[in-house]
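Asks: If you're matching them up, the sequences are chains A and B in order. Sequential numbering from 0 applies to the first sequence in numbering that gives the first Met the number 0. Sequential numbering from 0 applies to the second sequence in numbering that gives the first Met the number 0.
Any given hint could be a false lead.
[Stated by the list, open to error] For lysine to any residue, the following SDA-like pairs were computed, each having C-alpha atoms within a straight-line distance of at most 25 Å: (1) B:K300 - A:K154; (2) A:K154 - B:R19; (3) B:K388 - A:K145; (4) B:K93 - B:R19; (5) A:K100 - B:E63; (6) A:K145 - A:D168; (7) B:K382 - A:A68.
These are computed hints drawn from the structure, not numbers from a lab.
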Amino acid sequence: MEEILRVEHLCKTFELSRKQQKIEGTTRTKTVAVNDVSFSAYKGEIFGLLGPNGAGKTTTLRMLATLIAPDSGNAFINGCSVVAEPEKVRAQIGFLTSELKLEDFFTPNYLFDFFSQLYGIDPNVVAERKRKLFSRFGIEKFAEVKVANLSTGMKQKVSLVVSLVHDPDFIIFDEPTNGLDVLTARTVTDYLQELRSEGKTIILSTHIFSLVERLCDRVGIIIDGQMTHCDTLQGICAGQSLEDRFFEIYKEKKGETA
Amino acid sequence: MKNNTWTIFKKECARFFGDRTMLMTTVVMPGLLIYIIYSFMGDNFMQPTEDDSQATVYVENMPETLRPVVEALPFNLVTDGFDGETLKSDLVLKDSDFAYMVFPEGFDSLVANYNPAGGLPAPNVLIYHNSASEKSRMAYDLLCGVLNQWEDSMTNRFDINASSDAGEVFDLAKDEDIVGDLFSELIPMLLLLMAFSGCMSIAPPSIAGEKERGTIATLLVTPLKRNELALGKVLSLSLFALLSGMSSFLGMMLSLPKLIHADEMGLSANIYTFSDYGMLLLLILCTVLVLTAISSIISAKAKSVKAASSVMAPLMLVVMLVGMMPMMTGTEVSSNAMFLIPIYNSVQSMSMVFAREVTLIPVVITVAANIVYSVLGVWVLTKLLNSEKVMFSK
């Protein structure tokens, strides 16, 4: 198996504002979001980061996408370091999260061209790729409608397509089906499987067990910023359902199921 | 990927020029409104009222010596057949259009016999009027003026510029210099303010707004370099600020002659050469770059459009104060090093161009310094775009 992603001892702490200190009932000024996380992902697989809210999944993914820098540790995507060569990393990855918004003023058509230019893609390739992706997701119908006037599902489809303008081999999806209606969610998960069959590597974070069971080849479980388990889906489940196994692990880690 | 600055620039232009509301509120409306308001003010407020009916002046005990002088004034003169007390009670009314003047009896002889060294009070003329009524007030002012002049003429020991009535010119200033002085004090400040208000309305939505809406993060995950983004933003925003400022400026320049009735005063702005305008353009361009860089940095630091705007509002006062420097200190600058101070250097240099006292060195220093500051500004903006704390803190 060809290793595409290698994560080595990633750590990230955040400063707590006064307000956050109050909410968490603590006087600590810092909180550890990601604590010494290491794992690998291989070509042509879907790797799932599973964990409760606030476990550090999103922070890990944002470090991989080079939006934020790790305090220590490193990660290599196709051999490029997220710390030393962030621009090279960004050129190779597609990153999709609900936090990344598209400008309301523009149309899907304009945005596709604009982002393609930022990735330096040949205009002929852009036209062909746009035609394919737009028809795959049914965007042609609203390709000339401003993003402001699109429904949430339509926007999500456009965001997905825009994150793939450069046909990346490595794709990071943070909670890919969050906030989507069932139809759009299904379209997205089907497409993820299609991408895998094309030999692309996908990392996704989620707290939905069924999604992991249906999509992921391998799973990493993150609790309180630490990766407690990382194995194939079968390896982790060990005959149990993923949900039962997850709560067992959670109990071991926390001492109780909160 | 080398042309990413250009890609960002084009996107910003598509955003700006494609948005009719934005275009209207930042480019079309300011100039148009200023033109309409100033023209309206010039036509209506600065002109004497159309109503040309004359005020009435009631005079009691009109002295014979003064009669011809008072009769020559543009009043309806009434010297008898009225009751003083009634007049005084009528004058209380706001729309009363007259004045009531009372001379002491035997005024001429009282004046002739009055000895200023004698210690007794001088003969006293009473003029009742209502200052809330324009006509009554004007009658009062005119009467005071005439009487004072008459008093002066009685004790005349010497005159100043007596022959100016005969057409001799004593104010030897050239008209160009008068216009130049006027412009050098006013226009640089107005230019600066308009450019800055352009920045104020454009930079916060473009940078703080993108941050607030989460659209800047979408740009940050592309291979786009942060300095390309910073430069693309600053250049495009400068263009818009320039357009917005130019619109206000045009509106003002076109309506200013109407406002100050320049044609009646015989003043004209056609006193500047091609190179004056060239230097001015260069100064404006580099100033707008500096202002945009400052506004962009503030907008990048701010958490929201609202926060950015509220930081920039007090800054506007500072810019205004610096803009007023030529009014307070003139175009004299103690040393060329002063032209290294941003904003101040622009105002002083522009002021010198308008006063037609410009020399090359200050302008060169100003332009060079401002370009350096703009580059520094882009560098700081790049750092901010690179900072996860600034970009992603909520």
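Asks: Would you mind marking each hint as holding or not holding in the structure?
Replies: Hint-by-hint comparison with the structure:
Restraint check for K300 (chain B) and K154 (chain A): the C-alpha separation of about 28 Å exceeds 25 Å, so the hint is violated. For the hint linking K154 (chain A) to R19 (chain B), the alpha-carbon distance of about 23 Å falls within 25 Å, and the restraint holds. Using a Cα cut-off of 25 Å, the hinted pair K388 (chain B) and K145 (chain A) is violated, with the two alpha carbons roughly 31 Å apart. For the proposed pair K93 (chain B) and R19 (chain B), the alpha carbon gap of about 49 Å is over 25 Å, so the pair is violated.
Between K100 (chain A) and E63 (chain B) the CA atoms are separated by roughly 90 Å; this puts the pair beyond 25 Å, and the hint is violated. Among the hinted pairs, K145 (chain A) with D168 (chain A) is inconsistent with the structure: their alpha-carbon atoms are about 29 Å apart, more than 25 Å. Proposed proximity of K382 (chain B) and A68 (chain A) is supported: the alpha carbons are some 14 Å apart, at most 25 Å.
Violation of the numbered hints given earlier is confined to hints 1, 3, 4, 5, 6; the remaining hints are satisfied by the structure.
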